[in-house]
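Student: Take a look at the letters that make up each chain.
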Amino acid sequence: MEEKKEDTGQTGTEPEKKKEETRQKQKKGGFRFILAMIIVGAMLPLGAPTLLVCLGLLPALVALLTDTDPRKSSAITIGFLNMAGVAPFVAELWLSGHTMEAALAIVRQPVNWLVMFGAAALGQALLYMIPPLVNSITVSRMEARLRVLKEGQEQLKSVWGPEVATSVPIEAIRRKVNQ
Amino acid sequence: MVQTEDHRKNSGPSILLERRVEIFHQSPLPELDGPAGPAFAARLKEEESANLMAIVCTKSILPRLDFVNAMRSIDNPGILRFREAGVVEWPGNNSSRFVIACDRPASPRFWLSLDETRPQMSEDAVNRFLVAPLTNALSELHRIGVVHGGIRPDNIFWREGSASPPQLAECLSVQPGVGQPVLFETVERGMALPLGRGAGEHIDDCYALGVTLACIIMGRNPLRGLNDKEIINLKLEFGSFNAIAGTHHLAASHAELLRGLLADDPKQRWTVSDLELWLAGRRLTPKSSDSGKRANRHITFAGNDYWRLRPLAAAMAENVPEAVKLIQSKAIGKWLMHSFGEDDKAGDVEDAIAATDKSGGKAAHYEDTLVARVCMAIDPIAPIRYRGISAMPGGLAALLAEAVYTGENLQTMGEIINSQLVSFWVDVQEKKADFIPLAQQFERAGAVIEKTTFGNGLERAVYTLNPFLMCLSPMIRDHCVLSPRKLLLALEQISGRQDRPVEPMDRHIAAFLIVRDKRSELLFASMAPSEPPARRGVAMLTLYSELQYRYGPESLPGLAAWLYPLVEPAVARFLSKPLREKIRRQTKEAVNKGDLTKLLALVDDPKSIERDENDFLSARVMYSNIKAEIEEIETELSQRQNIGIALGRSIAAVISSLLSIAVLAVILGRILLKAMG
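Residue numbers (our numbering), protein chains in the order written: chain A, 60 to 238; chain B, 1086 to 1762.
Please note: incorrect hints may appear among the correct ones.
[To be verified] Derived Cβ-Cβ restraints for the label pairs, each shown as a range:
no., chain 1, residue 1, chain 2, residue 2, range
1, B, Gly1177, A, Ala231, 37 to 47 Å
2, B, Gly1177, A, Lys216, 53 to 63 Å
3, B, Arg1582, A, Arg206, 48 to 58 Å
4, B, Ser1568, A, Glu210, 55 to 65 Å
5, A, Ile229, B, Gln1671, 20 to 30 Å
6, A, Lys216, B, Lys1536, 25 to 35 Å
7, B, Ala1747, A, Lys216, 21 to 31 Å
8, A, Ala231, B, Ser1723, 56 to 66 Å
[What the hints assert, rightly or not] Here are some of the chain B residues that sit facing chain A, going by a computed Cβ distance under 8 Å:
no., residue
9, Gly1171
10, Val1173
11, Glu1174
12, Leu1197
13, Leu1199
14, Glu1201
15, Asn1389
16, Arg1705
17, Tyr1708
18, Ser1735
19, Ser1742
20, Ile1752
Hints are computed from structural coordinates only; laboratory data are not their basis. None of these values were measured; they are calculated from a predicted model. Positions of the beta carbon are idealized from the N, C-alpha and C atoms, including for glycine.
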């Protein structure tokens, strides 16, 4: 349990330092600070799961640190799926006695890494596919709207004449028509 | 034999006058032609044995419609019985004519020409066969207030020895005095142009009867071979009686009769009452001569000596430059006072000069006006004589109508009315009160002439002064439109012509409707050429649709088609193109139906116009909004690579969250299942 605590203490100091550095550099690390505090807080009572979680959630941590989006949508995407990938092993650890050995047994299996990091990769894949897809859909919708609007303009012109696009007084239009 | 021949003429194709008289337009009666136009055989539709004659007014634009009803009431053997009058469509030339139908005379014209010489009739025969029946006829005319204006030997139908009395010809087809030789007119009426002689008075007919009787008694025209001027001069110099019958040996009773009837002084002239007294045997003593007062000393004018006023006035009217010199020398006033003792007339001359100076100063035609006024002051009962026009004030209206019809002397007529010569003429009359309405009428006409707006001017004056004049618009003058009721029919008839004018409206029609239909001037002001086309077209359509509603007919497709191009600018007022096209389609349907009211409702519906305007303004706002949105989208699309990226990431985050929640739920479920065993 002490090792766990040490491990947890070791693993907990790095993000804290990193967060401090980031905070000093970017002055916008509130979310990261809170996350780091949660991680550190979780590490204290649960040494084995913390090891597993800390190792399994490395992609999420990387995403969190590299995401420049203020809404942190990339970090959320990768982080949530990464968590979903880690969660079965945390449950397994929990059900199998909640020991460091069990945790190490899980860590030693490459397939488990594949699952945890693969889930994070799925998040990255979502990020890779969905924004361009939304971009494409939105652009085509805007272009369609543009076409509709231009058609509307043409229809207005066909009904009311080119004067509908001007601010010429009505009497002047009538005079012109009668000439 | 005559009857048979007359009946034979009542055959062939005919046209109906007022649904009761058949006119056989291929059966002319040249022997009955009058100054108004040719005569044709006619008969009553319901009484085929009644032979009528129809005078077709081809030369007269002013038949005396004001006396049609009065003449209906006359059934006198001495006057051709009036039967019907009206406008008929004359075959052949697609035009209408005014026609007067009356009984066909039983006898031929008494004299075929005024130049013929006939055996003298006995005193008794003249009295019995001519004076008595003609007095009776004159009495009848006097009773209904009609002046015949055409009594002369060749306008009386009678055969000597016939049992039937002499008959006076019809007198409604022309104005009194038109066609009447100067010989049969009083001096003052004779000085006037035929159409400018005015309605005249009963005593003018008595004068004509006097000359007619003189001719018959003498068996010849006593002044044959003399021209009009010579006849007037002779009458002025010697008086009418002396000029006409002075050299002839007359029976005492006839001398008395003619002296009474040929008196130049209207107050002295015999009337029909005097004639009746004379016929009853009462002897009157008319004045011997009334050639006018003679001066103590003559006055020299243009190299001639004048002793009397009327010849001087006549000479002055014919030589304006010399007359001006005489007037400006003040010689006339002195002559009037010293040689005539006519201080009043001298005062009138001074008034004439002062009035001319005041109204016209030294303006154009000052001299003509001055001489005209001075002549009136010298000879008050003579006609107004101005720049070659000579007319009694009562005849100016007819003369103006003629001037407007022919286009000649228009300016002169306008000047006569505008320079208030009529008012001055009335001022110098002995009985001013009788003529004040006339003066007022001409003052009103003068005010109308001065207005130059559409529907005013001379055109309006001519209809104001001639209440029974047909519309003289060049486009419909051949259709004898006497009332607004017939106007649309006439326009419909000419609408199909290739040479029709661009618009079914002109100053004449406008003036005619303002006067006859009591229309507002404002409506016609909108039709002036200076107004916008849409306004003009709608104004015309408004007018004609109302006339159609009021007088019919229900369908006027020709007129509607004529008006359509004029109201097209009104259709173009609609800003919406589809609405415009829709209205055009509907207007074409209304045009085909000839429904002017519907046409007007389509092109001039204020609610539709207002709605169209509001829709247009809304469309403008919409266009502006669309434009703004387009600009916004285009700005966004200029950085298309960034569009939706943030949203896409958010969506990815949501998907990721949902997936993870699902996984966690499955795991949690498995844990729970395991825990439950």
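Student: Taking the earlier hints as the rules, which of them does this structure contradict?
Tutor: 1, 6, 7, 8, 9, 10, 11, 12, 13, 14, 15
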